Amino acid sequence: MGKCCDKKKRQIDAPDPCNPPGPQYVSESSAEKEPQNGPLAWFGKMIQNCYEYATEAKAQGKHIVGIMCEYTPRELIMAADAVPVCLCGGSAEMIPTAEEHLPANLCPLIKSTYGYHLQKANPFLEMAELIVAETTCDGKKKMYELMDQTRPMYVLELPQKPADSDAMAHWVSELRKFKTRLENQFGIEITDEKIRQAIRIMNRERALRRELAELMKSDKPPLTGRQLLKFKSSISGISADFEQYAEAIKLLKSQKPHCRRDSQVRVLMTGVPIVHGTERVLDIIESHGGLVVCMDNCTGLKPILEDVDESAQDPVFALAEKYFRLPCSVMTKNDRRLELLREMVAEYRPQCIIELIWQACITYDVESYLVRQLAEKELGIPYLRIETDYSPSDSVRIALRVEALFETIRERTHEQGTPAVLLRKTEAAGGTQRRCSGG
Amino acid sequence: MICAGIDAGSRAIKIVLMDTDSRQVIAKGLIDQGVEQDKLASELFEALLKHSDINKKDVAKIVATGYGRNAVSIADTTITEITCQAVGVRQLVPKAMTVIDIGGQDSKLVQLDRTGKVRDFAMNDRCAAGTGRFLEVVAERLGIKLESLGDIAAKSKRPAVISSMCVVFAETEIIGLLTSGTPREDIIAGVQAAIAERVVTMAGRNLELPIIFTGGVAMISGMDLALKCALQKSVTVSPAPQMTGALGAAILASSQLNRRRP
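Note that the protein sequences, when read in sequence, are chains Y and A.
The first sequence begins at 1 in this note's numbering and counts up one residue at a time.
The second sequence begins at 1 in this note's numbering and counts up one residue at a time.
Just to be clear, a hint being listed does not mean it is correct.
Derived Cβ-Cβ restraints for the label pairs, each shown as a range [unchecked claim]:
#1 A/113 - Y/306: 38 to 44 Å
#2 Y/59 - A/171: 57 to 63 Å
#3 Y/377 - A/142: 44 to 50 Å
One side of the interface only, derived from the structure: several residues of chain Y facing chain A at Cβ under 8 Å [claimed, not checked]:
#4 174
#5 387
#6 394
#7 397
#8 400
#9 401
#10 403
#11 404
#12 408
#13 411
Since the hints were derived computationally from the structure, they do not count as laboratory data.
Note that the structure is predicted; figures quoted are calculated from it, not measured.
Note that the Cβ used here is the ideal one computed from N, Cα and C, for glycine as well.
Work the whole structure out from these sequences, hints included.
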């Protein structure tokens with residue numbers, strides 16, 4: 001092993017089960033010295049940037065609209081001269097408050113978001129004049145009814161049988177009603193040209209983020225999964241962000257390959273979104289010898305893989321088409337998710353799939369059975385399912401399973417030489433359309 | 001050369017000293033786990049060296065495993081107990097295909113391929129139900145010794161149904177059963193069956209034979225029987241079930257050392 005590949009094993013004291021460990025699972029990314037300036041540093045203060053941006057936008061008379069899910073077309077909100085802000089909660093501290101109204105056995109993302117609502121602790125939520133949501137999972141859907149008591153909510157009905165011929169028509173009509181609502185509330189006309197303008201901005205953002213994510217296809221990726229996750233923003237369409245994305249792409253492409261990274265186990269993470277503040281499992285994976293090369297979830301590739309047709313005759317229809325294709329586990333059947341996973345495995349060449357499930361997320365939890373089948377039976381790579389919430393009390397157990405998985409994989413690759421065997425299997429398994437490639 | 005495997009479990013620390021070339025176990029020892037586990041592990045290690053008349057300098061490699069593996073400062077490296085149990089059990093039962101390891105606070109299931117490599121594994125999540133701790137709580141509550149659980153359970157004609165799979169709730173449930181006059185043998189048999197069922201849920205029913213049962217709980221009489229009933233398959237208790245993790249760690253320390261030699 002070369003000098004720079006000598007990795008000192010991080011010592012982690014086994015914690016007392018009654019005193020769960022604090023944030024000692026330092027990810028490699030933060031252990032490596034983070035730059036004081038440059039794109040990573042810029043996105044390191046993403047919340048602050050967004051806060052300043054939103055405050056200024058509001059001062060200029062723009063409206064702030066909160067969103068709760070990737071199904072909401074941000075373009076429609078932007079076309080109404082409003083700023084869409086993601087409101088998904090990532091703080092464990094908000095959960096006890098939320099449990100005063102909500103059942104304990106509910107997904108932490110829902111509880112945290114609701115806790116922020118009760119405590120009025122999310123400045124973006126407090127700024128928002130409208131909150132848009134969809135009928136996705138039961139937990140969210142019913143939680144919105146409680147929020148609706150004190151906040152202006154608008155809930156889009158999301159059809160859940162994507163293969164049905166009339167589903168798309170219904171979704172289009174939902175978006176048209178939403179457009180009317182925005183026009184009425186903000187007293188503005190949303191013209192097709194304004195929507196097209198917003199589509200161009202969002203396409204640009206998706207293309208930039210996609211190009212960054214695709215750098216992880218390299219045998220020696222220039223980023224850790226944790227670093228890549230930082231390259232996104234709660235508010236879309238900020239031009240200063242775009243400059244930083246472009247700068248990052250330029251810098252990373254000119255950088256020497258990171259020689260240590262080819263000794264790490266390549267991981268594809270799937271399942272629930274990893275919103276800001278909930279990166280614990282990702283950190284555990286990357287501080288135990290893994291490198292997350294690809295995430296298919298809502299905070300990863302899923303929402304940025306496909307663009308919206310900029311020249312479509314009917315831009316609302318074009319939006320509906322793009323967003324309706326998102327493969328969320330609330331859909332039945334959700335074949336597109338498995339299709340996407342096949343493609344990602346072929347392109348990013350992970351050595352295993354780790355699925356993260358927030359506790360009580362019924363749809364992802366049940367669907368995990370199909371993902372396991374796909375990984376083990378069809379793609380021939382190991383699969384590990386981790387169900388947890390926002391509290392760190394099970395970090396030691398999760399780390400144990402992750403370590404054991406990596407030991408198993410290393411033992412296999414040690415015997416078989418290179419992981420090329422895995423690659424061959426996936427290529428044989430499914431037609432590898434190269435949708436993920438090319439910005 | 002000598003290698004050592006240290007298994008710092010949640011209830012006990014186990015150490016095996018091994019001759020790297022002959023793969024013979026030179027010494028083994030066990031001590032109850034405590035607050036200062038690093039100190040306890042070092043003391044046990046020193047005691048074993050002294051007892052076997054070995055100089056510390058002759059120990060070429062130490063691998064730590066188990067829940068407390070990262071706290072053992074004398075270890076050169078750590079390997080998870082999943083890998084170590086597989087290697088340890090395979091050493092004692094060369095044809096083993098499935099390893100069920102129930103320890104103080106974890107239950108694990110490891111499936112092996114024909115060469116003994118880990119093919120798949122599963123373990124319990126947050127909860128300690130279905131582990132040794134669960135049995136301890138029950139024994140304590142019923143005022144009997146852990147060792148005699150099996151003998152008493154054997155007398156049961158109608159095992160009680162324990163539905164709560166949380167240690168805390170199960171304790172409440174047991175109190176309820178006691179007050180309603182359920183015989184304690186039925187309660188114990190019920191608890192053992194419930195733990196075994198928990199393992200089956202985790203493992204599925206398609207386990208390859210031979211199934212080897214290891215870990216501290218394998219020493220509690222009646223548990224192998226409960227597993228057999230739940231799995232509907234024959235289950236064999238591993239030789240020296242408390243030591244298989246440390247044994248595996250010592251073997252892996254030896255192979256790592258040999259691998260590095262030209």
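What hint numbers does the structure not satisfy? Per hint list: single violation, 4.
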